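Using the sequences and the hints given, assemble the complete structure.
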Amino acid sequence: MPTHSPQAGPLPAAVRLVQIGKLLEVSSSMPWDGPPPLAVRHTKPCQPSPCQSDQHSPCVGSLVVELLAGARAAQRQETRGRRGDQRQERKRPLEQRRQQPRHQDLDTMESGRCSLARMLVCRLWTTVSKALFAEFLATGLYVFFGVGSGLRWPLGIPSVLQIAITFNLATAMVVQVTWKASGAHVNPAVTLAFLVGSQISLPRAVAYVAAQLAGATAGAALLYGVTPGEARETLGVNVVRNSVSTSQAVAVELVLTLQLVLCVFASTDSRQTSASPATIIGASVAVGHLIGIYFTGCSMNPARSFGPAIIVGKFAVHWIFWVGPLTGAVLASLIYNFILFPDTKTLAQRLAILTGTAEVEKVEGVEPQKKESQSSSGDTEMESVCQVA
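Each residue of the sequence shown is one higher than the one before, starting from 579 at the first, in this note's numbering.
Simulated from the structure, these hints should not be mistaken for laboratory data. Values in this document were obtained by computation on a predicted structure and should not be read as measured data. Heads up, the beta-carbon is just placed ideally off N, CA and C, and yes, glycines get one too. One thing to keep in mind: the hints can contain errors.
[Claimed, not checked] Straight-line C-alpha distance at most 30 Å; calculated DSSO-like pairs for lysine-lysine: (1) K758 to K923; (2) K708 to K923; (3) K708 to K758.
[Said to hold, decoys possible] Distance ranges between label pairs, derived from CB positions: (4) S707 to A853: 27 to 33 Å; (5) F916 to R730: 39 to 45 Å; (6) P920 to P806: 50 to 56 Å; (7) S821 to G934: 42 to 48 Å.
Here it is, written out as structure tokens:
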């Protein structure tokens, strides 16, 4: 073992550690005769002079003390260096400190911002386009199956019950299929009701209505193309019966749409425990057809009336099937959202939602966390994305 005298100066840390290891090996191989006397145990373990057991090796305790002292000195020096850097930073002009980025250069920051913007725009476009396609598809299928059930074939005229059941099943089917993609409005009146209730933004509502009208036209065109000429003359266009006045027709459409929209709100509200929205909304559509067919052929949906009318070119009383359902939808939204189950949104929050600057609109039919408030409006999936964009 190398010798070291106290006058030669402190040994390097590595040599000290080697000496400590050798001392521990020697001490572990020596027999143990029991604890030392009490007087010895209370004396200092290390003295400035070498240990009595080994006249040529330094004491273990003194080595540990020196190592700890060196570590503390290095730590103090590092702390003083950091404080000096902070003082120098504070002495610099404020303008220079603001101009210089702290964690990354300007090129990296700009590229990160561009990547984030592209990602947000891409995700926004993907979500919105998916919702619009869902509305287009759902409305087209609804018109194809529902209107197709009312065609007048030479072999037999369909019954009112048959038409009502078909519209019921068609509604339940399209709502179940597109519920989580767009909220399954399938009806401009329903979209307007959610807009009045501050649950969807104005830009999205306009896009939804356009997709619904396009889908209804496509569904009616497909039905017209696959139906023989003898059965497709009127193509299920809504008309007012001879014994029904214009005001009566508007009132009937208003009431039928009012009950439909109330059922939509009630079945999609997370504050209420209800059955499947597809089942309840489908039953509401069936009830409306059981009564409304005798008055106007039962529209309750401006898109359903618009598709067949534009294909066969019959718009004689077409305005009735816009005024009645839209008025009923507005009344239903006011009754449900402001009288029966008022929410706590402030005027500023409602305006922010309508303009699209704060999206609390609902996309999927799930409850708030669970992701968003359960409703069939169509927009909360993009809540954080729209806020950042």
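A quick look at each hint next to the structure:
Distance hint between K758 and K923 is fulfilled; the C-alpha atoms sit about 24 Å from each other, no more than 30 Å. Restraint check for K708 and K923: satisfied, since their Cα atoms lie roughly 28 Å apart, inside the 30 Å limit. Of the supplied pair hints, the one linking K708 and K758 holds, its CA atoms being roughly 10 Å apart against a limit of 30 Å. For S707 paired with A853, a C-beta distance near 31 Å keeps the hint of 27 to 33 Å intact.
Taken as a hint, the range 39 to 45 Å holds for the pair F916 and R730, whose Cβ atoms sit roughly 43 Å apart. Judged by the Cβ atoms, the range 50 to 56 Å given for P920 and P806 holds: they are separated by roughly 53 Å. Between S821 and G934 the C-beta distance comes to about 46 Å, which sits within the given range of 42 to 48 Å.
Every hint from the earlier list agrees with this structure, and none is contradicted.
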